[in-house]
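Those sequence lines, one after another, are chains A and B. The opening position of the first sequence corresponds to residue 1 in UniProt numbering, with each subsequent residue numbered one higher. The opening position of the second sequence corresponds to residue 1 in UniProt numbering, with each subsequent residue numbered one higher.
Simulated from the structure, these hints should not be mistaken for lab results. On a predicted model such as this, the values are computed, not experimentally measured, just so you know. Backbone N, C-alpha and C fix where the C-beta goes; we use that ideal spot for every residue, glycine too. Where hints are given, some of them may not hold.
What the hints assert, rightly or not - Residues from chain B shown here face chain A by an in silico Cβ test under 7 Å; the list is partial:
#1 A8
#2 I11
#3 I14
#4 D15
#5 R33
#6 S34
#7 Q37
#8 Q44
Said to hold, decoys possible - Pairwise CB distance ranges (calculated):
#9 B:H104 / A:M459: 42 to 52 Å
#10 A:R448 / B:R23: 29 to 39 Å
#11 B:T27 / A:N475: 31 to 41 Å
#12 B:G68 / A:D465: 25 to 35 Å
As the list claims (entries may be wrong) - Calculated lysine-lysine pairs in the DSS-like style (CA-CA distance at most 30 Å, straight line):
#13 A:K455 / B:K16
#14 A:K556 / A:K663
#15 B:K17 / A:K455
The residues making up each chain are set out below.
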Amino acid sequence: MFRYQSLDEDCTLEEEEEEGLVEEEDEIDQFNDDTFGAGAIADDDWQEEHKRLSGLEEQKNSARGGAGTVGGASGDAGHLPSTSSLPLPQHSSQPPPGLGEQGGGDLADALARLILGADPAIARACGPAGPGDRSRGLPAPPSVPQQHHPQAHPHQLPLAGLPPGPPHPSLLSYQQHQHLLRRGGPPMQQVNSHNIWESNMGFGPVSVTPGLVTHMEDNPLLSIIKEVGLPSRPPPMMSEDGRDLSERVPPPRSSSPVIGSPPVRAVPIGTPPKQPMSHAMNHHHQQQVHHPTAVHIRAPVHHRYPPPFPERLSPNTLLNIANSPLCRPPFSAGVGPVLSQLQRAQMLNSQVAGFPRGCQGPPMLPGGGGFRPFFGQPPPHRMGPHPGGPPPNHNHVACPVIRHNTTHLHPQHRRILTQRMQSRGGDRGGRVGDRRSRDPYSNLMTQREKDWVAKIQMMQLQSTDPYLDDYYYQNYFEKMEKKQERDRDSIRKEHTTKLITPQVAKLEHTYRPVQFAGSLGKLTVSSVNNPRKMIDAVVTSRTDDEEKREKQVWNKRRQILYTVEKMYSLLLEVQDFEKRFLLTPEEQREALLEQHKTQTLQLYGSLKEKEWDDRVSDEQCLMIMSVRKGKRLISRLLPFLPQPHAAAVVMGIARNLPTLAKKDRQDQVLCWLVEPVAAVVSSLSSSALTDLLQELQGSDGQLSRVLQNKFGVTLLYLILSEGERMQSSDPNCQLMDDNRWTELVFSVTRELLNVAPSSLAPPLFTPPNLLSLFSRYVDRQRLEQLQEKLQISALSR
Amino acid sequence: MNYMPGTASLIEDIDKKHLVLLRDGRTLIGFLRSIDQFANLVLQQTVERIHVGKKYGDLPRGIFIVRGENVVLLGEIDLEKECETSLQQVCIEDILEEQRLQQHTRLEAEKAKHLALKERGLAMPRTDIMDEY
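Using the sequences and the hints, build the whole thing.
Structural data, given as structure tokens:
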């Protein structure tokens, strides 16, 4: 058991000293008082109290007069003597319990009614009864005190004046918990601050419409407040134009906890206005439709000042609660008038909780004081029924407004996108808009946050060269533009003159590591660009002999590859010549041609012998052809070389064929050369052909080696077939002029006959006219043998 | 065609009722309230819908925050067409029972298949014990 005596020793309470030895109960009471206020003392039975209150309410309803004034409101205070004994909690740390306590149950009750006045449950309870049942339309079950005092709940049910209604508890527990858990917090927290009551007092009689005032006077709570009176509050003026300039004076800062974070005063550059006019118009219209008699709290205006706290806490959620009944199926249209009433209450509440939007008042102040300027400001302006409804919720119409600073879309595109969005939104706006207005949780994500997400995505699209980075988008957009041009000819023409793609200037970020002066070596500061310690790479030369040799080998290979690469780049230029030729305008074509010629020469130049122009350097050729890539290079190169050069190359190949064959054993890619070589061979002159054949048979045993290689055999056959073709087609050919050809062919045939079938490599293809060639030179028997050889080679292997 | 790249296209889907299919096969239906650049979703008034055959059942779940990488697909629900479904809604217990039966039959089939393969000398690794790669 908690010993208050011990607490006595620790605390320095005056009461304790005064009273000396105190009984525990007294001390408890005293502590309670300090904590909860004098109202914490449970004098009466709360049930009795409650019944009395409800009875009073009934009386009030029957005896209610017309439009109330301040006096009227205070007059009602007399009905509630019991509650007057409840002083306002001054600086209570736990107001709800205090309010919800036995004696304060009524206060909580009334408070709950005030706050929950707009609740769907209540509205439903009173149903289509109309505004006349306003006060009755506020059945007891509050869920806020319900949270703290479950026992309070049952006692609400046997209210005399309650119509037998739909299940409040369940409905309330769901809906109200939902709403009030989020919204109930702030008002309740602020309950302990007498600023709230002040403000309620302040604008209550002044700023509300007559109807609302009547409602106010029903409210016992406010009447209590009026009765009790609040010091330091300038008497609210009741003027016709409704301007209460005293409201503009920022009141002293409340001690209540600030809901949400402190207000951001500075509007970041480029922040779009929170509430574009388009939305305003929509909401304007919406509210008109649904709440014809609603009080217009404030005109939707461009918000100029940033909200003092996150939007989601206040306006939308608060106001949408009023609208939320509409989204529940059971509601009938007759709810309208009641809701308007509720909205007025809502207005109160929302202003209690703070209302940042659309106010043209003085700049916001932090904390509870910051809310103040809004209180007086909007309501005085709206005396009398205005069209419109509760402050617009910030449900956006379908289109996210596209900000110029957040997107890097093509400006034209942005326009089109906006249009599209708007049209889409317009189509849906009619039916979705009102649905949106009922959605209490809409706009949890503020426009700023949406823009932020969009910005992140857009930033990734920044590019210095859009045609390189985003080829497809550019093409798509061009097509779109052209299509639009076709569709709307005259209108669009002026817009599609120049394609200006937004480009980000390329910033050269040369990264230099941070260096500290006077330090030895490079101390690195890790950053996002440089996450690891940098190693000082120092070049050291190795002096080993073996390594040198190994290096030499590698060097040579590297050199070969390097040569091949250089030649390749030349070759690619030569190959692309034709494409470029077509693209260049007339004047530049000749220059291009010249360039092409030089390049081709260069290519050959790298192959040929130093001094002899018509002979390919063996060394060079071998070097290049030793590499697979080199062979490929030659095969691609040959078609581009002019005739004498190409012939020389082929000669070189033929000459070095055995070596090449040996080197190619691993790769077996010599056959790439077949096609281009065949092309060259077919263009050779007879003398050249003879030369070629001679080259092929050049050294001793070369031919046999040639025959062992696929490419060699193919080449040989090609040459022979070409010769035959020449002979057979052109009777004047000079092939037979000297004996060389014949001799060479003879040697070939000899070799062919001698060679074992197994060692004869199968050619890629066997030209058909070889047999006729051989038939000229050899007798029948040998011919048959040759035939066999030819056939075996080609087909079997 | 929407040209807001990537997640930004979800911006216009905010505050609308969506159906989200997750990688683990669950179907969630809720109001999309918030997104971020990873397409993490905040769904409100979420209902997990279990489909078995022609029937379905709803499990109310409240607020869901879904990590973006676990979303297979999501789509807006047309509130008017939502009523025109040919599926039959049953209560939660029934649908869970149906689901259990379905799982059961599937497992049985799987086991039978596995056994048959084993008899033939093929050992297929069971997907539920295999690591996900």
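Checked hints:
1. Interface restraint check: A8 of chain B against chain A, minimum CB-CB distance 4 Å, threshold 7 Å, status holds.
2. Evaluation of the I11 of chain B hint against chain A yields a held restraint, the C-beta minimum of about 5 Å falling below 7 Å.
3. For I14 of chain B, the interface hint holds, since its Cβ comes within 7 Å of a Cβ in chain A; the closest pair sits about 6 Å apart.
4. Satisfaction of the interface hint for D15 of chain B is found here, the shortest Cβ-Cβ separation to chain A being roughly 5 Å, below the 7 Å cut-off.
5. Residue-level restraint check for R33 of chain B holds (minimum Cβ-Cβ distance to chain A is 5 Å; threshold 7 Å).
6. The interface hint given for S34 of chain B holds, since its Cβ lies 4 Å from the closest Cβ of chain A, which is under the 7 Å cut-off.
7. At a threshold of 7 Å, the smallest CB-CB gap from Q37 of chain B to chain A is about 4 Å, leaving the interface hint in force.
8. Interface hint status for Q44 of chain B: upheld, as the beta-carbon distance to the closest one in chain A is roughly 6 Å, under 7 Å.
9. A beta carbon spacing of about 51 Å between H104 of chain B and M459 of chain A agrees with the range 42 to 52 Å that was offered as a hint.
10. Evaluation of the 29 to 39 Å hint for R448 of chain A and R23 of chain B yields a pass: the beta carbon distance comes to about 31 Å.
11. For the hinted restraint 31 to 41 Å between T27 of chain B and N475 of chain A, the CB-CB distance of approximately 38 Å keeps it satisfied.
12. One distance hint, 25 to 35 Å for the beta-carbon pair G68 of chain B and D465 of chain A, holds here, with the actual separation near 30 Å.
13. Of the supplied pair hints, the one linking K455 of chain A and K16 of chain B holds, its CA atoms being roughly 22 Å apart against a limit of 30 Å.
14. Of the supplied pair hints, the one linking K556 of chain A and K663 of chain A holds, its CA atoms being roughly 16 Å apart against a limit of 30 Å.
15. As the CA atoms of K17 of chain B and K455 of chain A are separated by approximately 25 Å, the hinted pair is consistent with the 30 Å bound.
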